[in-house]
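As you go down the protein sequences, you meet chains A and B in turn. Okay, so the first sequence: first residue is 2 according to the numbering used here, each after it adds one. Okay, so the second sequence: first residue is 2 according to the numbering used here, each after it adds one.
The set of hints was computed from the structure by calculation and includes no laboratory data. Just to be clear, a hint being listed does not mean it is correct.
If several chains are the same, the list does not tell them apart, and a pair holds so long as it fits within one copy or across any two.
[What the hints assert, rightly or not] The calculated lysine to aspartate or glutamate pairs, modelled on DMTMM-like cross-linking and capped at a C-alpha distance of 20 Å, are:
hint: 1; residue 1: K256; residue 2: E292
hint: 2; residue 1: K51; residue 2: D69
hint: 3; residue 1: K181; residue 2: E225
hint: 4; residue 1: K179; residue 2: E225
hint: 5; residue 1: K256; residue 2: D291
hint: 6; residue 1: K192; residue 2: D182
hint: 7; residue 1: K192; residue 2: D155
hint: 8; residue 1: K288; residue 2: D213
hint: 9; residue 1: K192; residue 2: E159
hint: 10; residue 1: K288; residue 2: E214
hint: 11; residue 1: K179; residue 2: E204
hint: 12; residue 1: K179; residue 2: E156
hint: 13; residue 1: K175; residue 2: E159
hint: 14; residue 1: K175; residue 2: E225
hint: 15; residue 1: K290; residue 2: E225
hint: 16; residue 1: K51; residue 2: D14
hint: 17; residue 1: K175; residue 2: E204
Protein chains: 2
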Amino acid sequence: MSLVIVGSLGLDDISTPAGSVHEALGGSAIYAAVAATHFCTPHIVGVVGKDFPHESLMMLEAQGINLDGLEIREGKTFRWGGVYNNWNRAETTFTDLNVFAEFTPQLNDSCKCCKSLLLANIHPQLQLQVLQQIEKYNHVACDTMNYWIGLCPDELAEVLKKVDLVFMNEDEIKDFTKRKDIFSAARELLKLGPQWIIVKRGEYGAVAIARDEMFFFPAYPVSEVIDPTGAGDVFAGAFMGYLARHPQLCSAVVKDAMRYATVLAALNVQNFSIRGILGTSLNEINKLKDEMLTWTT
Amino acid sequence: MSLVIVGSLGLDDISTPAGSVHEALGGSAIYAAVAATHFCTPHIVGVVGKDFPHESLMMLEAQGINLDGLEIREGKTFRWGGVYNNWNRAETTFTDLNVFAEFTPQLNDSCKCCKSLLLANIHPQLQLQVLQQIEKYNHVACDTMNYWIGLCPDELAEVLKKVDLVFMNEDEIKDFTKRKDIFSAARELLKLGPQWIIVKRGEYGAVAIARDEMFFFPAYPVSEVIDPTGAGDVFAGAFMGYLARHPQLCSAVVKDAMRYATVLAALNVQNFSIRGILGTSLNEINKLKDEMLTWTT
Chain A
2 MSLVIVGSLG
12 LDDISTPAGS
22 VHEALGGSAI
32 YAAVAATHFC
42 TPHIVGVVGK
52 DFPHESLMML
62 EAQGINLDGL
72 EIREGKTFRW
82 GGVYNNWNRA
92 ETTFTDLNVF
102 AEFTPQLNDS
112 CKCCKSLLLA
122 NIHPQLQLQV
132 LQQIEKYNHV
142 ACDTMNYWIG
152 LCPDELAEVL
162 KKVDLVFMNE
172 DEIKDFTKRK
182 DIFSAARELL
192 KLGPQWIIVK
202 RGEYGAVAIA
212 RDEMFFFPAY
222 PVSEVIDPTG
232 AGDVFAGAFM
242 GYLARHPQLC
252 SAVVKDAMRY
262 ATVLAALNVQ
272 NFSIRGILGT
282 SLNEINKLKD
292 EMLTWTT
Chain B
2 MSLVIVGSLG
12 LDDISTPAGS
22 VHEALGGSAI
32 YAAVAATHFC
42 TPHIVGVVGK
52 DFPHESLMML
62 EAQGINLDGL
72 EIREGKTFRW
82 GGVYNNWNRA
92 ETTFTDLNVF
102 AEFTPQLNDS
112 CKCCKSLLLA
122 NIHPQLQLQV
132 LQQIEKYNHV
142 ACDTMNYWIG
152 LCPDELAEVL
162 KKVDLVFMNE
172 DEIKDFTKRK
182 DIFSAARELL
192 KLGPQWIIVK
202 RGEYGAVAIA
212 RDEMFFFPAY
222 PVSEVIDPTG
232 AGDVFAGAFM
242 GYLARHPQLC
252 SAVVKDAMRY
262 ATVLAALNVQ
272 NFSIRGILGT
282 SLNEINKLKD
292 EMLTWTT
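For reference, chain A alone in the conformation it holds in the complex (with noise of 0.2 Å):
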């Protein structure tokens, strides 16, 4: 019932033509692990600085994160500044690491103990050193992005070949691989290991992959975008968090966990930060999920 979540922890500055916010919640891992949090307990491996706030971390705990991994070291926490012009890329004001430039990740004994591994989009090199650290895990999933992509495609390459579930957008996918296409894209990805490729296509929704099989799912209609950041981490972090309930991968756990991966990203993205995905009720979930359900069959 557990997932280990490895990614960043930051204080994010972003402005959208809805409003803006200043040092909000952000990164990786708090956007996965919030939304895990409806399904299991995520264990943060991070790091902050001395000044992330207190009450941050208590809030964090209150809502069932296991943060015993969580490095507090001296100096300042990641930052990240972004202005969205258009809903599908944000643009870069300023990114300032502090803390997380010397970040190594460390798995204690209460992650080694878990059975679910989701590496968040940090350095490849970062991943593959987690992935050494892990034995029978029963999921382990990546995710990642362009600026990896373009950085160290060998090394992201080595991390596809230990992970069974892949998290990229439909651009980023065609890049990797130089198809045209998303699915000889994902048929190029699932020949180095993975059993499943999941490709998320923003308001288009998302599609899952196997050797065998594949699966399309729209994305949950969003009369009014607020905040896009973080929305591929919450889709990543619902989803691995209902697999970590799950041993077997199956078809079935599949399906379900991309329903609920589409409900909590659209539900991110209605408000800033990670106010989205706080304090609604799996109940609540559950029935967009089942409205979900009579859009496709």
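With chain A fixed as given, assemble chain B onto it according to the hints.
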């Protein structure tokens, strides 16, 4: 069991990265009618010039298309030339309306006895002329394009008030309604009167939207696009051809119509002109449609 299709018949010069064709059969009515032959007897109402190849007319009749409503006029057939540098949009190299410039659609008695009508992509004024000639049809649908949305939105709105189903591309429905998302755009169109708005999203599939239900369909993945010309016409033709067999416009029928339309559109883009949808058996089409079912349930 019969469907009237009012639209253009033409000879196309098409160039794509996969090759080119000269004076190939084209026009919305031809694409739509050939697709519809898999399900019903389509009646084409349109016009060609004396130069239109006699053997092409014989071939269309041999496919099961009723051409009693086709005018053959002194003069040259409508001609269109297009080049695809990317798959989403053709660059028009020439448009010679020829006899199509003076086209005034007249429904003969056999057309008036039909029960379904597809107003393919022609001037909304002509679509209105046809609508004045029919009574007691089961299903009336219209297609359109960005050109008419820009030129005569008010006449198009008049058409929309009188039809049961509307086929539009994602961008077209947003342009016409001045809405940013297809769901609120579709709600605007539904207010005018249609029961179903069929939003085509290219490689991302299509969405059928009614007042209190909606259904998403992925595109059928195509490994190599050869010529996208007519894909929208084929989609509408197959959809309406299937509907012609079903007096009730219930959601089960709409869903199957969407699947057939999706399959035929995918077959169409895999060859030049109408070659991709000629000579495919209904048995083969059903296999592809059944495969689609496994991707979304």
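The hints, checked one at a time:
In this homomeric assembly, K256 and E292 come within 20 Å of each other (Cα to Cα) both inside a single copy, at 14 Å, and across copies, at 17 Å. In this assembly of identical chains, the alpha carbons of K51 and D69 lie at most 20 Å apart only when taken from the same copy (16 Å versus 83 Å across copies). In this assembly of identical chains, K181 and E225 lie within 20 Å of each other by CA distance solely across copies; the values are 10 Å between and 31 Å within a copy. For the identical chains of this complex, K179 and E225 are inter-copy neighbours only, at 15 Å across copies versus 34 Å inside a copy, given an alpha-carbon limit of 20 Å.
Taking the shortest Cα distances, K256 and D291 sit within 20 Å of each other both inside one copy (12 Å) and across copies (19 Å). Proximity of K192 and D182 under a CA criterion of 20 Å is satisfied intra-copy only: 16 Å inside one chain copy versus 37 Å between copies. In this assembly of identical chains, the alpha carbons of K192 and D155 lie at most 20 Å apart only when taken from the same copy (15 Å versus 54 Å across copies). Within a single copy, K288 and D213 get their C-alpha atoms only as close as 30 Å, which misses the 20 Å cut-off; across copies the closest is 16 Å, which meets it.
For a Cα distance limit of 20 Å, the shortest separation of K192 from E159 inside one copy, 12 Å, qualifies, whereas the shortest one across copies, 54 Å, does not. Taking the shortest Cα distances, K288 and E214 sit within 20 Å of each other only across copies (16 Å), while inside one copy they are farther apart (27 Å). Taking CA atoms no more than 20 Å apart as the test, K179 paired with E204 passes between copies only; the shortest distance there is 18 Å, against 23 Å inside one copy. Taking the shortest Cα distances, K179 and E156 sit within 20 Å of each other inside one copy (17 Å), while across copies they are farther apart (46 Å).
With identical chains, the CA atoms of K175 and E159 are at most 20 Å apart within one copy only, with a shortest distance of 18 Å there and 43 Å across copies. In this homomeric assembly, K175 and E225 come within 20 Å of each other (Cα to Cα) only across copies, at 15 Å, whereas the closest approach inside a single copy is 29 Å. Proximity of K290 and E225 under a CA criterion of 20 Å is satisfied intra-copy only: 19 Å inside one chain copy versus 34 Å between copies. Taking the shortest alpha-carbon separations for K51 and D14, only the intra-copy value of 19 Å comes in at or below 20 Å, while the best inter-copy value is 68 Å.
Taking CA atoms no more than 20 Å apart as the test, K175 paired with E204 passes in both settings, with 18 Å inside one copy and 15 Å between copies.
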